[in-house]
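Number of protein chains: 2
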Amino acid sequence: MAGADMDPRIEEHARILVDWSTEVARGDMVLVRATPESHDLAVAVTRRATEKGALVMVTMQSDEVSRAFFDAADDETLQMVPRHARALADSVDVVISLAAPLNTRALANVDPRKMMLASKATQEIADIVLKKRWCVTVHPCRALAQQANMSLEEYQDFVYSATLIDWAAESKNLYLMKEHLERHTEIRYVGPETDLYASTEGRVWVASDGKHNMPSGEVFTAPVEDSVEGKIYFDIPFMFGGRVIKDVRLTFEKGLVVDYSAGQGEESLKRILEIDEGSSRLGEMAIGTNRGIKKYTLNMLFDEKIGDTVHCALGRAYEECNGRNESAVHVDMIKTMHEGEVIAGDEVIYSHGKYFFEM
Amino acid sequence: MAGADMDPRIEEHARILVDWSTEVARGDMVLVRATPESHDLAVAVTRRATEKGALVMVTMQSDEVSRAFFDAADDETLQMVPRHARALADSVDVVISLAAPLNTRALANVDPRKMMLASKATQEIADIVLKKRWCVTVHPCRALAQQANMSLEEYQDFVYSATLIDWAAESKNLYLMKEHLERHTEIRYVGPETDLYASTEGRVWVASDGKHNMPSGEVFTAPVEDSVEGKIYFDIPFMFGGRVIKDVRLTFEKGLVVDYSAGQGEESLKRILEIDEGSSRLGEMAIGTNRGIKKYTLNMLFDEKIGDTVHCALGRAYEECNGRNESAVHVDMIKTMHEGEVIAGDEVIYSHGKYFFEM
Numbered sequence: 000m001a002g003a004d005m006d007p008r009i010e011e012h013a014r015i016l017v018d019w020s021t022e023v024a025r026g027d028m029v030l031v032r033a034t035p036e037s038h039d040l041a042v043a044v045t046r047r048a049t050e051k052g053a054l055v056m057v058t059m060q061s062d063e064v065s066r067a068f069f070d071a072a073d074d075e076t077l078q079m080v081p082r083h084a085r086a087l088a089d090s091v092d093v094v095i096s097l098a099a100p101l102n103t104r105a106l107a108n109v110d111p112r113k114m115m116l117a118s119k120a121t122q123e124i125a126d127i128v129l130k131k132r133w134c135v136t137v138h139p140c141r142a143l144a145q146q147a148n149m150s151l152e153e154y155q156d157f158v159y160s161a162t163l164i165d166w167a168a169e170s171k172n173l174y175l176m177k178e179h180l181e182r183h184t185e186i187r188y189v190g191p192e193t194d195l196y197a198s199t200e201g202r203v204w205v206a207s208d209g210k211h212n213m214p215s216g217e218v219f220t221a222p223v224e225d226s227v228e229g230k231i232y233f234d235i236p237f238m239f240g241g242r243v244i245k246d247v248r249l250t251f252e253k254g255l256v257v258d259y260s261a262g263q264g265e266e267s268l269k270r271i272l273e274i275d276e277g278s279s280r281l282g283e284m285a286i287g288t289n290r291g292i293k294k295y296t297l298n299m300l301f302d303e304k305i306g307d308t309v310h311c312a313l314g315r316a317y318e319e320c321n322g323r324n325e326s327a328v329h330v331d332m333i334k335t336m337h338e339g340e341v342i343a344g345d346e347v348i349y350s351h352g353k354y355f356f357e358m
Numbered sequence: 000m001a002g003a004d005m006d007p008r009i010e011e012h013a014r015i016l017v018d019w020s021t022e023v024a025r026g027d028m029v030l031v032r033a034t035p036e037s038h039d040l041a042v043a044v045t046r047r048a049t050e051k052g053a054l055v056m057v058t059m060q061s062d063e064v065s066r067a068f069f070d071a072a073d074d075e076t077l078q079m080v081p082r083h084a085r086a087l088a089d090s091v092d093v094v095i096s097l098a099a100p101l102n103t104r105a106l107a108n109v110d111p112r113k114m115m116l117a118s119k120a121t122q123e124i125a126d127i128v129l130k131k132r133w134c135v136t137v138h139p140c141r142a143l144a145q146q147a148n149m150s151l152e153e154y155q156d157f158v159y160s161a162t163l164i165d166w167a168a169e170s171k172n173l174y175l176m177k178e179h180l181e182r183h184t185e186i187r188y189v190g191p192e193t194d195l196y197a198s199t200e201g202r203v204w205v206a207s208d209g210k211h212n213m214p215s216g217e218v219f220t221a222p223v224e225d226s227v228e229g230k231i232y233f234d235i236p237f238m239f240g241g242r243v244i245k246d247v248r249l250t251f252e253k254g255l256v257v258d259y260s261a262g263q264g265e266e267s268l269k270r271i272l273e274i275d276e277g278s279s280r281l282g283e284m285a286i287g288t289n290r291g292i293k294k295y296t297l298n299m300l301f302d303e304k305i306g307d308t309v310h311c312a313l314g315r316a317y318e319e320c321n322g323r324n325e326s327a328v329h330v331d332m333i334k335t336m337h338e339g340e341v342i343a344g345d346e347v348i349y350s351h352g353k354y355f356f357e358m
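One line per chain: the protein sequences are A and B, in this order. All residue numbers for the first sequence refer to numbering that gives the first Met the number 0, where the first residue is 0 and numbers rise by one. All residue numbers for the second sequence refer to numbering that gives the first Met the number 0, where the first residue is 0 and numbers rise by one.
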């Protein structure tokens, strides 16, 4: 599973995670969250982080272990705070998560109520981790290849094409885009069946350049909640609760979804919109820039960063954008823009296959 | 790797670890140290511990991760205390280690000096764990089957025959033996090429009934250091530093080895005896009782517990026996006793295939 015949791309992936994403330095306590399937990447990350003078500890995140927990736990157990996991989170400087499930559907049929109880009990640990240097990535494995409709070899090429890129150059472009977007207080997506407007006054555009997500490649903000007007057609499918939803069309008035349809999974879309007050408003508007991602794979870590796309999320906004929309969910939906434009105030940010800095 | 088709023996193994060995109870914070190869047992242990109302966290112990650490670490890094691992150890009530390497020789060629530096830096963590409820076991995997000269299926039968036994009954016998041994202050092993004597005055016999080692099945003590006299022939091979040593013959005077030979690996035996002052004295004398272990496999967790055997260890004595011998090593050597006797004072404890309670 590792060693002399290790794919050199695994070592390169590890270098990006350690050197670029989390900037591991001497004396750092590093937590690597691995799975049995991402063991080899854990070895490579350990090697690189140790070269930097850090100490690595590896935990095993297994959906099958989690499934056993959910199946066996009573309510009292579900609501206990895992003090050992909290002590560990408190004591680390860096958290690197190497997702690679044995079976992407291992948790498919767990009672959502049980999941919510456990999620509340561990929220404080998630909050601790968000204050550290942290990054989430994927190690290519058979279960993810299967979900992406590819052979393992094809999926390896897919993942490394998306991640092993020049992040310094990508970062420069993203920060340039952030700078231009923040000169204006309005954003507009125009294209086939689409003309969506929002105010971004007082909001921050975040340049996501691979520090927390690997791969990344997007700029995102939270629109002013009541300002969203118009309609948009999302042509890229996505998953919610294990179901595929595609060809979503939404119409907004004063920030609220007033009309909707889906070519597939309309019932699921309806359920999303009815979850709470925030789930029928946008919490995010964003522009994807990663041209190393060649196609959608129903994995949001990748899909929302596809180059020449925009995406919007129903539900919870990110604090770092000064967003205020609150919701139990955050559901991203993506639109290709080869035939469209992104306009900020009076400035064309993207048009028909080109970002402004390529025009 | 798990789930519906899980070998029911894995679930039974988990029940023994959780219910008998570590007595997991509601509210316990449990740390499971797994490897990619022992993932399925980690799932089963999580299920059982969760049924008891405990919360399980799983870490990944990988010799290949450790190898990457040793290869990449400079001296400063080797000597750092892993504060995250210490915080985790501090915060748990129970530690269950599920050994199952991908390759038993992954650490074979690491510089021993590096290993010693890291071992010193992590000693305090090992000491913390020893104060918890802890247990070490093996999950059958291909690397261990290979080392044991068996197919995986044969090795599974071997492991479960040794572990899935009536530990309450075994415990009763072991405590009875401890009681009888502690009525006396002398111990003597007699048999082919063997007549070894030691004083056990002021020493404790420990009944090892599966609380810390699974499998277990031995009573052990630390002999009075200068009292060991006579000779012994160890007919079961063992490993030291990756080499097999067999047919060891030792002669003692006033506690010290004054003559030695080995049918194979005599150079390694010589090296052991020369490590330090304590390594040419006995730190342990013990009687193995586990008749579920059908043959030696060069894995001391099993070999020293084989029924109808005795073993002695050169080097470090255990505190819990009131032993005082100090050494950097503790090297166990085993002798079958079907043709021998164990005598405590004037009482025959074992003779020619029978323990006293079977006579």
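Don't take every hint at face value.
The list makes no distinction among identical chains, and a pair is therefore deemed to hold if it is satisfied within one copy or across any two copies.
[Unchecked claim] No more than 25 Å apart at the CA atoms, straight line, and that leaves these computed lysine-lysine pairs for BS3-like:
id, residue 1, residue 2
1, K130, K253
2, K210, K293
3, K353, K171
4, K51, K113
In case anyone wonders, no lab produced these hints; they're calculated from the structure.
Right, here's what the structure says about each hint:
no.: 1; hint: K130 to K253; result: neither (34 Å within a copy, 62 Å between copies)
no.: 2; hint: K210 to K293; result: within (21 Å within a copy, 55 Å between copies)
no.: 3; hint: K353 to K171; result: within (16 Å within a copy, 79 Å between copies)
no.: 4; hint: K51 to K113; result: between (41 Å within a copy, 17 Å between copies)
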